[in-house]
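S.K.: Protein sequences appear in the order of chains D and P.
Per my numbering, the first sequence starts with residue 1058, numbered consecutively.
Per my numbering, the second sequence starts with residue 463, numbered consecutively.
Hints are computed from structural coordinates only; laboratory data are not their basis.
Any given hint could turn out to be false.
Derived pair list, reagent style BS3-like, types lysine-lysine, alpha-carbon separation capped at 25 Å [what the hints assert, rightly or not]:
id: 1; chain 1: D; residue 1: LYS1063; chain 2: D; residue 2: LYS1136
id: 2; chain 1: P; residue 1: LYS730; chain 2: D; residue 2: LYS1081
id: 3; chain 1: P; residue 1: LYS730; chain 2: D; residue 2: LYS1072
id: 4; chain 1: P; residue 1: LYS730; chain 2: P; residue 2: LYS625
If you want the ones that stay clear, here's a sample from chain P, every Cβ over 10 Å from chain D, calculated [what the hints assert, rightly or not]:
id: 5; residue: GLY524
id: 6; residue: GLU597
id: 7; residue: PRO650
id: 8; residue: ASN683
id: 9; residue: ASP693
id: 10; residue: MET725
id: 11; residue: GLU748
id: 12; residue: HIS757
id: 13; residue: GLY774
id: 14; residue: PRO848
id: 15; residue: LEU859
Facing chain D, a subset of chain P residues (Cβ under 10 Å, in silico) [as the list claims (entries may be wrong)]:
id: 16; residue: TYR551
id: 17; residue: ILE692
id: 18; residue: ASP810
Ideal Cβ placement from N, Cα and C applies to all residues, glycine included.
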Amino acid sequence: MAYSEKVIDHYQNPKNVGTLDKSKQNVGTGLVGAPECGDVMRLQIEVDDATGLIKDAKFKTFGCGSAIASSSLATEWLKGKTVDEAVKIDNMEIVEELNLPPVKIHCSVLAEDAIKAAINDYRKKNGLEELKFDESIVH
Amino acid sequence: MLNFPIYLDHNATTPCDPRVVDAMLPYFTNTYGNAASRNHPFGWQAEEAVDYAREQVAKLIGADPKEIIFTSGATEGDNLAIKGVFEMYASKGNHIITCNIEHKAVLDTCKHIEKEGGEVTYLKVKPDGLIDLAELEAAIKPTTILIAIMYGNNEIGTIMPVKEISAIARKNGILFFTDATQAVGKIPVDVNKDGIDLLAFSAHKMYGPKGIGALYVRRKNPRVKVTAQIDGGGHERGMRSGTLNVPGIVGFGKACEICLNEMEEEGKRLSKLRDKLENALLQIEEAYVNGDKEHRLPHVSNISFKYVEGEGLMMGFNKNIALSSGSACTSASLEPSYVLKALGLGDDLAHSSLRFGLGRFTTEEQIDYTIEQVTNTVNKLREMSPLWEMYKEGIDLNTIEWAHH
């Protein structure tokens, strides 16, 4: 199976690899997946208190090239968005942007889950109710 | 000068040796007769070529040419051996003993046997990838008709204690079949010294063409018979009908002859290169060899690089280096290699494995390049691995509640 050029580019030059200080109140951390399943993503957002915009996003991923690319892309898209906008990122947008084949859709689902988990962590830290998400996709 | 891509997946298949191709070519265009045509020179020439090749093939495994049944490959050989014995010896019993790291061609055939009313015991291998002989003996029942244990494993290269297994089979009057696809041509295999009753192997794993293989069926002490699985013109002493693949058989014979002549030296060369590769890669922190290192084919090394995922790892260099991984990220099940799991490796380590399969045309320069590429990619991916970061922080990954999906 050949990878799309965009996947290869993100794999070779991943954007926003790194770690944010998870003890900070304006940092939300999402850790999803499991080592046994062959992919684990940790995605973090840092929200600007004054503007409510996501001013930084970082990821680290254990997984295949598509998983790395999905999380790299997600961090790019997150930056500059409000938390409410970020929640709306849909895995199928990632699939389209990266041209992921059907067997790799779960990588995009994982990235979406990571975004939502990071947002909920942020909300929890800031006294907001955690959002409930439909378990619409079985993966 | 390195030519890309470098091929290090010789357990999957091997290139045809040019000497093999040269031997085959006349049998496509000039000597194209049907080996079963008894009444004209085309048939005679084809038959002569097949007879000669049958000798070459038999010689490699210390067999008599009459004991070689040509098949389409090892999968067919596995099917013919297991189903053929099960049907032929039905009056003696219905129990077969095999193990859980066999090739799918054996395991799925055994599953089929179970549906047909047979009983199969799947021995679990030890963490080193070898079976426990005491467990084998304990599994034997009065109804046991066949022990089916592979010679060398395709994923980790481990070599089973074949002589000991055959001694146990002999003692109990049970037939012993071995899938020796990975071993024949790489290490000395002798059906008499090893006490083998049936043995399947394939040309394309030993620098011969694809689509041709053989099943060795012992004729003396004891005389073994298998029920044909493909009916037709009664070729191959009635055990495998179908017009003989003459060019394939000629190529298979040549491939066997070359292996026999060059095996000793080539084995030494390959194990030296393999050890160089392995020792260099084990310099990487948290890298582990899978399977017993001592009882192992000379050209195989299977290594897990903890905290990086195999497919992601291969992507770092798979334009230039072809190898395979125990990770099954592309499969719908997301299940990693059942062989590695059978060794007791956690799924995480199974997902993190690479199989290096060296071959006849592998050079030291290629190995040096591979060491460099794999090392760099492991280091790069660990920099972006959350698991590596946790490990470095001293967090026990087993204490984390993972969201299984």
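S.K.: For each hint, tell me whether it holds in the structure or not.
M.R.: A quick look at each hint next to the structure:
Using a Cα cut-off of 25 Å, the hinted pair LYS1063 (chain D) and LYS1136 (chain D) holds, with the two alpha carbons roughly 19 Å apart. Of the pairs offered as hints, the one joining LYS730 (chain P) and LYS1081 (chain D) is violated, with about 59 Å between alpha carbons and a cut-off of 25 Å exceeded. Simply put, LYS730 (chain P) and LYS1072 (chain D) have alpha-carbon atoms about 46 Å apart, too far for the 25 Å limit, and the pair is violated. As the CA atoms of LYS730 (chain P) and LYS625 (chain P) are separated by approximately 22 Å, the hinted pair is consistent with the 25 Å bound.
A cut-off of 10 Å between C-beta atoms confirms that GLY524 (chain P) is not in contact with chain D; the least separation is 42 Å. For GLU597 (chain P), the requirement that its beta carbon stay farther than 10 Å from each beta carbon of chain D is met, with the minimum near 27 Å. Chain D leaves PRO650 (chain P) outside its interface by the beta-carbon criterion, the shortest separation being 38 Å against a cut-off of 10 Å. Every beta carbon of chain D lies more than 10 Å from that of ASN683 (chain P), the smallest distance being close to 49 Å; the non-interface claim holds.
Against chain D, the non-interface label of ASP693 (chain P) holds: every CB pair exceeds 10 Å, the least being about 39 Å. Once the 10 Å rule is applied to beta carbons, MET725 (chain P) is consistent with being away from chain D; the minimum gap is 36 Å. Every C-beta of chain D lies more than 10 Å from that of GLU748 (chain P), the closest at about 13 Å, which supports listing it as non-interface. Every C-beta of chain D lies more than 10 Å from that of HIS757 (chain P), the closest at about 29 Å, which supports listing it as non-interface.
Against chain D, the non-interface label of GLY774 (chain P) is violated: not every CB pair exceeds 10 Å, the least being about 5 Å. The claim that PRO848 (chain P) is not at the interface with chain D is violated, since a C-beta of that chain comes within 10 Å of its own (minimum 4 Å). With 10 Å as the threshold on Cβ separation, the claim that LEU859 (chain P) sits away from chain D is violated: the shortest Cβ distance comes to roughly 6 Å. Using the Cβ-Cβ criterion of 10 Å, the hint placing TYR551 (chain P) at the interface with chain D is not satisfied: the shortest such distance is roughly 41 Å.
Here the hint on ILE692 (chain P) is broken, as its CB sits about 34 Å from the closest CB of chain D, past 10 Å. Annotation: interface hint on ASP810 (chain P) holds; nearest CB of chain D at approximately 4 Å, less than 10 Å.
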